[in-house]
Amino acid sequence: MSGIRNLMTDDHRRCDDLFAAAEQAAGRGDLAAAREAFGQFHAAMLAHFGSEEGTLFPAFEERTGMTGGPTQVMRMEHQRMRALMDEAAEALDGGRGDDYLGVAETLLIMMQQHNMKEENILYPMCEQHLGGDGTLEGRLAGEIGVP
Amino acid sequence: MRAALSFDSAPPFAAPLRFFLTAPLFGVLAGLLLAFDGGDALASRWSPAALALTHLLTAGFMLQAMIGASIQVLPVVAGASLSRPLLVARVVHPLLSGGALLLAGGLRWGSGFALESGALLLGVGIAVFLGAAVVVFRVRSTSPTIRGLKLAYVALGVAALLGILLAFALARGWPFELVALTDLHAGWGLGGWAGVLLAAVAYVVVPMFQLTPGYPARPAWAFPLAVLGALVVWGTSATFGPPWLVRLAQVFLAASGIAFAGLTLKLQAQRRRARADATYRYWQFGLAASVLALAMVASATLFPALARHAAWAPLVGVLLIIGGFVSFIAGMLCKIVPFLAWLHLQQLARTRVPSMNQFLRDDETRRPWLAHVLAVVLLAGAALLPVLALPAGLAFALACGWLGWNLLQVVRRYRRCVATVEQGRADDGTPREPDDGAA
Numbered sequence: 228m229s230g231i232r233n234l235m236t237d238d239h240r241r242c243d244d245l246f247a248a249a250e251q252a253a254g255r256g257d258l259a260a261a262r263e264a265f266g267q268f269h270a271a272m273l274a275h276f277g278s279e280e281g282t283l284f285p286a287f288e289e290r291t292g293m294t295g296g297p298t299q300v301m302r303m304e305h306q307r308m309r310a311l312m313d314e315a316a317e318a319l320d321g322g323r324g325d326d327y328l329g330v331a332e333t334l335l336i337m338m339q340q341h342n343m344k345e346e347n348i349l350y351p352m353c354e355q356h357l358g359g360d361g362t363l364e365g366r367l368a369g370e371i372g373v374p
Numbered sequence: 006m007r008a009a010l011s012f013d014s015a016p017p018f019a020a021p022l023r024f025f026l027t028a029p030l031f032g033v034l035a036g037l038l039l040a041f042d043g044g045d046a047l048a049s050r051w052s053p054a055a056l057a058l059t060h061l062l063t064a065g066f067m068l069q070a071m072i073g074a075s076i077q078v079l080p081v082v083a084g085a086s087l088s089r090p091l092l093v094a095r096v097v098h099p100l101l102s103g104g105a106l107l108l109a110g111g112l113r114w115g116s117g118f119a120l121e122s123g124a125l126l127l128g129v130g131i132a133v134f135l136g137a138a139v140v141v142f143r144v145r146s147t148s149p150t151i152r153g154l155k156l157a158y159v160a161l162g163v164a165a166l167l168g169i170l171l172a173f174a175l176a177r178g179w180p181f182e183l184v185a186l187t188d189l190h191a192g193w194g195l196g197g198w199a200g201v202l203l204a205a206v207a208y209v210v211v212p213m214f215q216l217t218p219g220y221p222a223r224p225a226w227a228f229p230l231a232v233l234g235a236l237v238v239w240g241t242s243a244t245f246g247p248p249w250l251v252r253l254a255q256v257f258l259a260a261s262g263i264a265f266a267g268l269t270l271k272l273q274a275q276r277r278r279a280r281a282d283a284t285y286r287y288w289q290f291g292l293a294a295s296v297l298a299l300a301m302v303a304s305a306t307l308f309p310a311l312a313r314h315a316a317w318a319p320l321v322g323v324l325l326i327i328g329g330f331v332s333f334i335a336g337m338l339c340k341i342v343p344f345l346a347w348l349h350l351q352q353l354a355r356t357r358v359p360s361m362n363q364f365l366r367d368d369e370t371r372r373p374w375l376a377h378v379l380a381v382v383l384l385a386g387a388a389l390l391p392v393l394a395l396p397a398g399l400a401f402a403l404a405c406g407w408l409g410w411n412l413l414q415v416v417r418r419y420r421r422c423v424a425t426v427e428q429g430r431a432d433d434g435t436p437r438e439p440d441d442g443a444a
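First to last, the protein sequences are chains A and B. Heads up, the first sequence is in the numbering used here, so the first residue is 228 and it goes up one at a time. Heads up, the second sequence is in the numbering used here, so the first residue is 6 and it goes up one at a time.
Hints were generated in silico from the structure; no laboratory data involved. Backbone N, C-alpha and C define an ideal beta-carbon position, used for all residues, glycine too. Careful: at least some of the hints might be erroneous.
[Said to hold, decoys possible] Okay, the calculated bits of chain B under chain A, using three or more residues with CB under 8 Å as the criterion: (1) 147-153; (2) 274-280; (3) 381-391.
Between the sequences and the hints, there should be enough to build the whole structure, so can you do that?
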């Protein structure tokens with residue numbers, strides 16, 4: 228299966244996997260492994276956000292003329308998650324495993340409800356308006372690191 | 006498509022919160038009523054106290070939580086925002102609260118006036134909510150959750166209509182087959198409304214809270230349709246026959262519920278979260294109790310002699326409604342209310358705020374959870390040994406009161422943080438970090 232919706236949804240799942248690895252390591256008290264896994268998660272998330280904000284959303288906005296709608300909300304939620312990830316990284320760097328788990332839980336729910344909106348609403352709209360644009364899909368795949 | 010444009014608008018905290026805070030109070034009332042009425046209450050499903058208890062829990066506890074959750078969840082999962090969520094909440098909440106109290110009172114004390122007015126208030130409250138929730142029907146069903154929500158709302162309407170009919174039939178002595186109609190009302194209410202809504206929400210929150218794999222697409226799409234299909238077959242064959250088709254539909258319904266619970270247990274076994282938390286514990290317990298209850302429903306349908314035991318139906322009710330639904334709801338409230346507190350505070354403060362776990366720590370949920378398990382065990386025991394009704398009722402009132410207290414703590418901590426932020430703004434125009442507010 229291909230298409231923008233599947234591509235971006237699969238990347239959400241990949242980020243989930245990395246999140247889980249970091250949380251499990253922190254849960255075991257292995258903060259070094261948690262930092263390592265969280266670093267990968269953080270990088271994958273930022274790449275995903277960057278690709279959406281730099282490529283997917285502008286293409287969607289240009290095609291539909293909707294600039295103040297769903298994409299704007301998604302950008303705002305990205306900002307919130309960036310802040311939470313910074314906070315989580317600080318907790319890990321400071322060796323505060325429990326604080327990390329608390330922030331991670333908040334981040335997880337924030338992230339999941341955000342993903343839900345994208346997967347159920349925004350990506351289907353993108354697919355509808357931008358589906359079949361192979362160049363765009365290729366660019367997105369490159370940006371989020373899918374071969 | 007138009008609805009999708011407004012999917013930013015999370016409703017104000019006050020809209021769902023009033024329902025979430027009221028729900029546990031109905032649990033406390035139910036527990037106290039059981040303690041007050043003692044062993045007679047669970048002697049039969051038809052005793053006035055048993056009927057009152059059932060409706061304090063279903064039309065009270067469950068309906069409050071489920072309507073509150075709907076108001077919150079529609080924009081997120083379906084992109085369908087109610088146009089004026091706070092107004093809807095302000096109108097619907099008193100109607101549902103007053104209606105459930107009157108209905109339960111009418112059933113308990115045999116007042117036809119209370120029974121009818123309670124049923125009508127509930128009906129109007131549900132109608133206003135459904136009128137507002139009709140936006141979801143304008144959204145295309147791009148996920149099994151969206152379809153599940155639509156079907157659940159249809160079932161809520163049917164359950165409410167059957168309930169109003171029953172209330173009037175009971176109050177005025179209309180010549181209906183009350184037993185068959187009551188069973189059908191319970192089927193639409195517990196299976197079609199509560200069961201399908203639970204599944205629709207579970208498709209989203211089980212993977213989200215527990216990091217399990219997602220529900221496989223085919224059963225997720227099929228379950229809501231299977232439940233409503235079985236209920237339609239049940240209703241038509243109860244009216245036009247043949248009777249065996251009624252039984253077949255009931256067994257099919259119970260089996261669908263067991264399949265859903267089994268699938269959820271299987272997914273939860275693959276969870277990737279580091280720690281078991283309150284939500285997970287409540288869900289595991291709720292799923293086990295539901296499977297047991299539904300297996301009892303199926304076996305009594307196949308072997309009607311079983312159901313002749315007076316304790317059978319009350320036991321099923323305790324396991325399904327309190328062991329199952331109340332557990333799921335309590336587990337989700339422990340997570341959703343702190344998350345919403347964080348979300349709204351974050352929007353207000355636009356700076357770093359305490360994480361959701363600081364609004365409700367997991368260790369604060371542990372003892373209420375144990376009280377809940379104890380209550381369910383005692384309640385199941387009370388269906389068999391009437392002497393246990395008093396401790397069972399008190400334990401359940403305690404568990405619900407504790408849950409409500411925890412949720413109130415979240416709100417108290419939230420308000421304190423809001424006050425800190427606003428104080429900071431008043432002092433120097435910049436929001437202050439409300440870091441110490443929660444603790």
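Results for each hint:
1. A stretch counts as covered by a chain when three or more of its residues have a beta carbon under 8 Å from one of that chain; for the stretch 147-153 of chain B and chain A the count is 4, and the coverage holds.
2. Only when three residues or more bring their CB closer than 8 Å to a CB of chain A does the claim for the stretch 274-280 of chain B stand; here the count is 4, and the claim holds.
3. Three residues within the 8 Å Cβ limit are the bar, and the stretch 381-391 of chain B against chain A gives 0, so the coverage statement is violated.
Figure legend: structure checked against the earlier numbered hints; the only hint not met is number 3.
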